[in-house]
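My numbering puts the first residue of the sequence shown at 1, with every later residue one more than the last.
Honestly, the hints are just simulated from the structure, not real lab data. Certain hints may be false.
The list that follows gives simulated cross-link-like pairs (lysine-lysine, BS3-like), each with its CA atoms no further than 25 Å apart [as the list claims (entries may be wrong)]: (1) K531 <-> K565; (2) K272 <-> K732; (3) K292 <-> K349; (4) K244 <-> K275; (5) K125 <-> K161; (6) K102 <-> K119.
Restraint-style ranges between C-beta atoms, simulated for each label pair [to be verified]: (7) E394 <-> A348: 17 to 27 Å; (8) D919 <-> S553: 55 to 65 Å; (9) K603 <-> P863: 19 to 29 Å; (10) E439 <-> K883: 17 to 27 Å; (11) A729 <-> R889: 28 to 38 Å.
Ideal Cβ positions, reconstructed from N, Cα and C, are used throughout, including at glycine.
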Amino acid sequence: MNTMKYIALMLFVISLSVDLTAQQSEIYTNELVLYNQALELYNNKQFLAAQNLFDKVRDAVNDENIDANCSYYIANCAVWLNQKDADQLLEDFVVQYPTSIKRNAAYLDAATYYFDNGKYAYARKWYEKVDQGSLSRTEKEKYNFNNGYAYFKIQRFNEAKKYLNRVQDSPEYGAKAKYYLGFIAYEGDNYQEADKLFDEVKDLDQYNKNLSYFQSDMNFKSGNFQEAITEGISQLPKSKPSEKSELNKIIGESYFNLGQYDKAIPYLKGYKGRKGKWNNTDYYFLGYAYYKQGDYQNAISEFNKIVGGKNATAQNAYYHLAESYLKTDQKQQALNAFKNASEMNFEAKIKEDALYNYAKLSYEIGNSYESTPKVLLRYLDEYPSTEFKEEIKELLISSYITSKNYKEAMDLLEGSRNFADKEVYQKVAFYRAIELYNENNHAEAITYFDKSLKQPVDPNFTSRATYWKAESEYLLNDYDSALIGFKQFQGSTGASTTVEYQQIDYNLGYTYFKLKQYPQAAKYFETFSEKDNVDEARQIDTYLRLGDSHFISSKYWPAMEAYNKAIKKNGPDSDYAHYQKAISYGFVNKHDKKIQDLEMFLKQYPRSTYRDDAMFALGDVYISENKTERGIQAYDRLIRDIPRSSYVPKALLKQGLVFYNGDQGNKALSKFKKVVAEYPDTDEALQAVNTARLIYVDLGRTDEYATWVKGLSFVDVSDADLDNTSYEAAEKQFLENNDNAAISGFEKYLNEFPNGLHALKSHFYLAQLYFKNNDKDVTIPHYEYVLKNDRTEFTEQALARLSQVHLENRSYEKAIPILERLESDADYPQNIIFAQSNLMKSYYQLLKYQKTIEYADKVLANPKIQNDVKSDAKIFTARAALKTVDMVRAKKAYAEVQKIATGELAAEALYYAAYFENDEGKYKSSNETIQKLAKDYPGYRLYGSKGLLLMAKNFYGLKDAYQATYILESVIKNFADFPEVIDEASAELKKIKAKEAKTNSSIQTEEQ
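Construct the entire structure; sequences and hints are all you get.
Written as structure tokens, this is what we have:
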């Protein structure tokens, strides 16, 4: 290269370098000015503008220190501006500039910012990053106090103490630190340390306003109640609302602990609770204060808010609640509260005394949870050395009778005889037997009457057991045993003083009547009819049976005299008496009088079930008196007016015979053929065939007879002798009561002659024999064979028995058409009642409630029904009305049931009486009814459990949450055998607890 060119080039490079350096220096100076401007904005807290300017400087300047400072201030501004990425900017700064002198300042500034804004968790996060060694003394004190205070605010007192202890002597932070250290000691129940620290800062106005509250509370917790009261009362006027509530609590409970209950009450009431809620202990203090003042009603209103308590305080509260109830004569409520207290094991003396009172109240008012004898026995078992031992023993012995839960009483007596004597056993066994008798369980009733008779201590009960055992035997058709029993009763020592003695002649009369010893029956019915103070229904029945006894004994004039007495009473069976009287005239050859009375009968009793009997008898008497035309007319009237009567084929046959005897062969054949056509397989049909044969022979038309007979399925002329012989062999066994042989004979006959002359009778007798042997399902096809034919003398009984079989099998769809036919065709009034009452029950089972009510009304319209049938009709009316939401009808029906029912039906009626009272908002009245249910019918646990559930609703309606919840909990615990009741109780309990939890923090709900 040329030397001169090289020199020139170097000069140009130097010149260019100088120009570039000067240019860079100018840029740097300019950015430094911007940096200072940004710093000035930052110092003036114009963080957003400063942040933007620092960002420009950092982008323009290529200097590590300036760049680090800008990054620091950008992140710091983000902190002050509360920007989302502030944390990340600081973290990035620390990572990118690990040696920056502003690293510690970044941590400290961020912590201070969050601390000043009350974000103590964030503050602690940044304080943890600070290097304490590089802090100045002032910074270190601030660091220690702020860190300690941050831990204090989140109640991490151990960490807080560590930092606050470091600044106890600091002129700036020492007083604050001592205050918070004192509070930490207070919270830790270190009252001596707290009092010392609080005393050191008591002259500082900013803390003094809180110290009286703390000192009052510390005195209270230390047992210095008077000092707590003094401090609290002095602070109360100047305290904040939240502290005022707590001070009231401290003062009130201090007075409480000093036994100054009158002074405690206003302060206890001034407490507002934590977050607006009291707890069970709070209610206890106020309730007990009222209790000690003798203000039992207010005591109850506080105690009964203690729901679900499971500690010593709750046990004490429930015990005193029970006593308050007793003081205000609320015994059912007291029973529940004593029961609750007796089930807790915190205070032994309270538990024992509560059980004692629970047992006594159970005896006095009844108990739906468990039997009274069981409660009394438990008390004696748990406290054998009690001072009340003799008293409870006496109550126990009496309770076996008064509790009326005889089934369980018998179980207890037979399981443990520790506190029972023979007389108690005799009486309880008797009452249990009567209970079973009333439930129509006569066989088991006899078992218990026998148990009673094995302990013949009280002559009165021995006599009564003898009587009712005989009555049970009578109802089981064991008339021989019944007669012996009634006779034994009549001659027993204690009989004459019993109520049963007044009826013994009546019972003996009926027993002899059933044994077909009619003269003896008449003797006793005569004696009974002459007694005074006999109820009219029984007196009328006595006249009827007296008349029947004379009638069957062919003593027609005495029979008519008895029937006349029944007719004069104009009772529901006067039609029967009138009919029997008319028939009796025929037997004393007073045929005109018989005709007159029968005609009068038909006019006077147009709806009587004996109308067809009367019409047929009228036809007969006219014929016997040679008033043939009137007789034929009487038979025609029967055939026309009552076509389904069993007398119709008889009337047709009689008309045929009259025509035959009057040499009117064709008219006679017309009647006989009608009998055969419409009533085949009957005795009348067979007689009609035989008499028709004579007519055909007389008329010389034997070929016509042969042709006619061949078309009859029930007549096999060639086998007639074999048919009769086979049937008569079976019938002989039947009449001699050889049941097994009779069954074999009838089965054999039907196999040989399925359409034989006696097929219908054979099917009926077979059905009766199988029914007697309790092979009831086997009877069905045989009864159905009888019923597929037209009306015969066997139809009514077959209908009754077949319907009974279907009812026992719960085949209600099959039973209904049979029962409807029985209702329509029955001659006997009791069968009509049977049909209607069971149609009522069957329709109810099939959910056909309107038909249920319809048949219940039919039953009730019958004046001849007994009380048990009447009860059934009314109870099904009530049940069906409930199902159809006809509450007016249901309420009325249950009220009527209550007047006449016994046993379980009475319990049901009483429950619904309480139910309707609850529905009308009559909660107290409803509870009184439930109390009666518990006292009088404790053995019916379903209604006992439902009654308790209803009682719980009543108490909640009366604003007694304790009673409501405790009863519901007890139902859930004690009645697992009734899941529907448990489900309803659980739902009700959940609802009540959710509502009460809004004001009582002690109540735990499922959601908590």
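For each hint, the structure was consulted:
For the given pair, K531 sits about 15 Å from K565 by alpha-carbon distance, which is consistent with the 25 Å threshold. Restraint check: the Cα-Cα separation between K272 and K732 comes to about 96 Å, which exceeds 25 Å; the hinted pair is violated. A threshold of 25 Å between alpha carbons decides the hint, and for K292 with K349 the separation of about 19 Å falls inside it, so the pair holds. This hinted pair checks out: K244 and K275 have alpha carbons roughly 14 Å apart, not beyond 25 Å.
Simply put, K125 and K161 have alpha-carbon atoms about 18 Å apart, close enough for the 25 Å limit, and the pair holds. The hinted pair formed by K102 and K119 meets the criterion: a straight-line CA distance of about 23 Å does not exceed 25 Å. Checked against the hint of 17 to 27 Å, the C-beta distance between E394 and A348 comes to roughly 25 Å, which is consistent with it. Judged by the Cβ atoms, the range 55 to 65 Å given for D919 and S553 holds: they are separated by roughly 60 Å.
Between K603 and P863 the Cβ separation comes to about 20 Å, which falls inside the hinted range of 19 to 29 Å. Remark: the range hint 17 to 27 Å for E439 to K883 is upheld by a beta-carbon distance near 25 Å. About 59 Å separates the C-beta atoms of A729 and R889, a value inconsistent with the hinted range of 28 to 38 Å.
Hints 2, 11 from the list above are not met by this structure, while the remaining hints are.
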